[in-house]
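Engineer: Each chain is listed here by its residues.
Protein chains: 2
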Amino acid sequence: MNKSTKTKISNAVIKRLPRYRRYLKELQRKGVDKISSGELGVLIGYTASQIRQDLNNFGGFGQQGYGYNVNSLYNEISAILGLDKAYKIVIIGAGNLGQAIANYTSYFKAGFVVCGIFEVNPRLIGLKINDIEVMDYEKLVSYVEENQIDMGIICTYKDSAQDVADKLSFAGVKGIWNFAPVDIEVPERVALENVHLSDSLHSLAYYINKNQKKE
Amino acid sequence: MNKSTKTKISNAVIKRLPRYRRYLKELQRKGVDKISSGELGVLIGYTASQIRQDLNNFGGFGQQGYGYNVNSLYNEISAILGLDKAYKIVIIGAGNLGQAIANYTSYFKAGFVVCGIFEVNPRLIGLKINDIEVMDYEKLVSYVEENQIDMGIICTYKDSAQDVADKLSFAGVKGIWNFAPVDIEVPERVALENVHLSDSLHSLAYYINKNQKKE
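For the record, the sequence lines run as chains A and B. So my numbering is basically just the index in the first sequence, starting at one, shifted up by 1248. So my numbering is basically just the index in the second sequence, starting at one, shifted up by 1248.
Simulated from the structure, these hints should not be mistaken for lab results. Check before you lean on any hint, since a few could be wrong.
Since the list gives no way to pick one copy over another, a pair counts as held whenever it fits inside one copy or between any two copies.
[As the list claims (entries may be wrong)] EDC-like mimics (lysine to aspartate or glutamate), calculated; alpha carbons at most 16 Å apart, straight line: (1) Lys1336 to Glu1381; (2) Lys1458 to Asp1332; (3) Lys1273 to Asp1447; (4) Lys1387 to Asp1414; (5) Lys1273 to Asp1431; (6) Lys1273 to Asp1407; (7) Lys1336 to Glu1393; (8) Lys1461 to Glu1436; (9) Lys1406 to Glu1274; (10) Lys1458 to Glu1436; (11) Lys1387 to Asp1411; (12) Lys1415 to Glu1436; (13) Lys1415 to Glu1386; (14) Lys1406 to Glu1433; (15) Lys1278 to Asp1407; (16) Lys1406 to Asp1431.
The model shown is predicted, which means the values in this text are computed figures rather than measured ones.
Could you put together the complete structure from these sequences and hints?
Structural biologist: Okay, structure coming up:
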C-alpha cells in the first residue's frame, strides 16, 4: 500500500507521526491547502529541518519551493499509521477507566470498534455500556478467537494485568493497549503500548516544583 | 532539600525518573536492599551505562562495587520529583474520564488530593463522586483562589480545553494535566503535561501493521 515501510523507521519518528497528523487535521479544518516545513515547524514546535528529516523517511512528500500538500500528507501519514483500516477491540475491566476508554474510542468515526467489555465483577456482567455488552472475563479467550479481535485494552488493576495480557496474546490479538500501572510482557508478535498515567503525573509534579524554585 | 536540582537536568532524564521509581518500588516490595546498575538495567531495559549516566545527574547515588541502595535511591528520586509533598487538585469535567481520573488519583495514599470536580452539566452538579463534590464550573476560579489549589486536571472536550486552561492559569494553579485531545497554551509559570491518548493508540495501530507485514 505504501512504499515507505520498506526502510526501517525509528521509533522516535513513529511516535511523532500522530502529532503531525493532529496538526494536519486542524489545518484541513481551517481549509489550508499547502504548508512549508517552516510554517509546519512553528505550528508543531519542531525545527523545519527536523520536519524535513522526519518526512523524508517516507520518501518525502514535499516539493522544493512549494511545501507540503496538507491533504495528501494527512492521508499518507494516516495510511502509514494504519488508520485507513478498521480494528476490532475488546476492553478488559468495566470500571470507570474501562468505561471512559469505551466512550473515548467511540468518538472515532470509524477505525476502532469496541466489540465487547470483559469483567470479573458479577454485578457488572450483563450490563450495557454505550450499547456495548459487558461479558464474563471467563469467556475472553473464546470470544477473541471467534470474533478475530485485533486489539485488547487492559483497564484492570495492576495485579491482573499480566494474566489478561497472557490470555489476549494466547487468543491471538495483534496489539495490546495497557493502562494498568505495571509493565507487562507479551510475545514479540504482539504490539504493546503502555500508558503509564502515573509517570506523566509524576513528571508534572517535578515541573511544578522546578517552576516554584525559579520564582 | 536536594542539592541535585542546581544543575540543569534534561527533560529526557526527568521523563525516565518515574519509571526508575516504579521499578525501585517493586524491588522494595520484594525486599531487595541493593542493586547494581547492570541488574537495574536488565530489569528496566536500559543499559548499565545509561543508568549510571542518568543517576549521575543527581550527584550519583551509587558506590563503586556496591551498587545502589534501593531505599535511598527510591526516596531521593521521589524527593526530586516532588512526591514528598502534597498537591491539592481540581478536576474539570465529571464525565467518565473525569470520574476515572478522580478514582485513579485516589489510589495514591497521599500526595495527590482531589478537592473538587467542576462541571457545566446541571444534572451532574451537586452529585458526589467518591465523596468529592461536583461543583458548578462557574465557581472554578474563586474556588481555586480560595483553596490554593496546586493543580488542575482537564477532562473536558477539546473545544473547552483552552478556556479551562485560561481560567486555571488565571486563578493561580502551578500545573495542568491535560487529557483533552488538543494542545493547549499556558503561561510559562504553569507546568503542563498533555496526555494525548490518541497518539498512543495511533502508534499502536502502526506497530500492529508492521508486525503483520513481518509475518
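Engineer: Each hint should be assessed against the structure and marked as holding or not.
Structural biologist: Results of checking the hints against the structure:
1. Lys1336 to Glu1381: within (14 Å within a copy, 37 Å between copies)
2. Lys1458 to Asp1332: between (42 Å within a copy, 14 Å between copies)
3. Lys1273 to Asp1447: between (28 Å within a copy, 13 Å between copies)
4. Lys1387 to Asp1414: This pair counts as within: shortest intra-copy Cα distance 14 Å, inter-copy 47 Å.
5. Lys1273 to Asp1431: between (32 Å within a copy, 13 Å between copies)
6. Lys1273 to Asp1407: Classified as between: cross-chain Cα gap 15 Å, same-chain 39 Å, threshold 16 Å.
7. Lys1336 to Glu1393: The answer is within: 12 Å in one copy meets 16 Å, while 46 Å across copies does not.
8. Lys1461 to Glu1436: The answer is between: 13 Å across copies meets 16 Å, while 44 Å in one copy does not.
9. Lys1406 to Glu1274: Result: close only across copies, 12 Å inter versus 36 Å intra.
10. Lys1458 to Glu1436: between (39 Å within a copy, 12 Å between copies)
11. Lys1387 to Asp1411: within (14 Å within a copy, 44 Å between copies)
12. Lys1415 to Glu1436: within (15 Å within a copy, 46 Å between copies)
13. Lys1415 to Glu1386: Within one copy only: 10 Å inside a chain, 47 Å across chains, cut-off 16 Å.
14. Lys1406 to Glu1433: within (13 Å within a copy, 33 Å between copies)
15. Lys1278 to Asp1407: between (46 Å within a copy, 15 Å between copies)
16. Lys1406 to Asp1431: The answer is within: 9 Å in one copy meets 16 Å, while 30 Å across copies does not.
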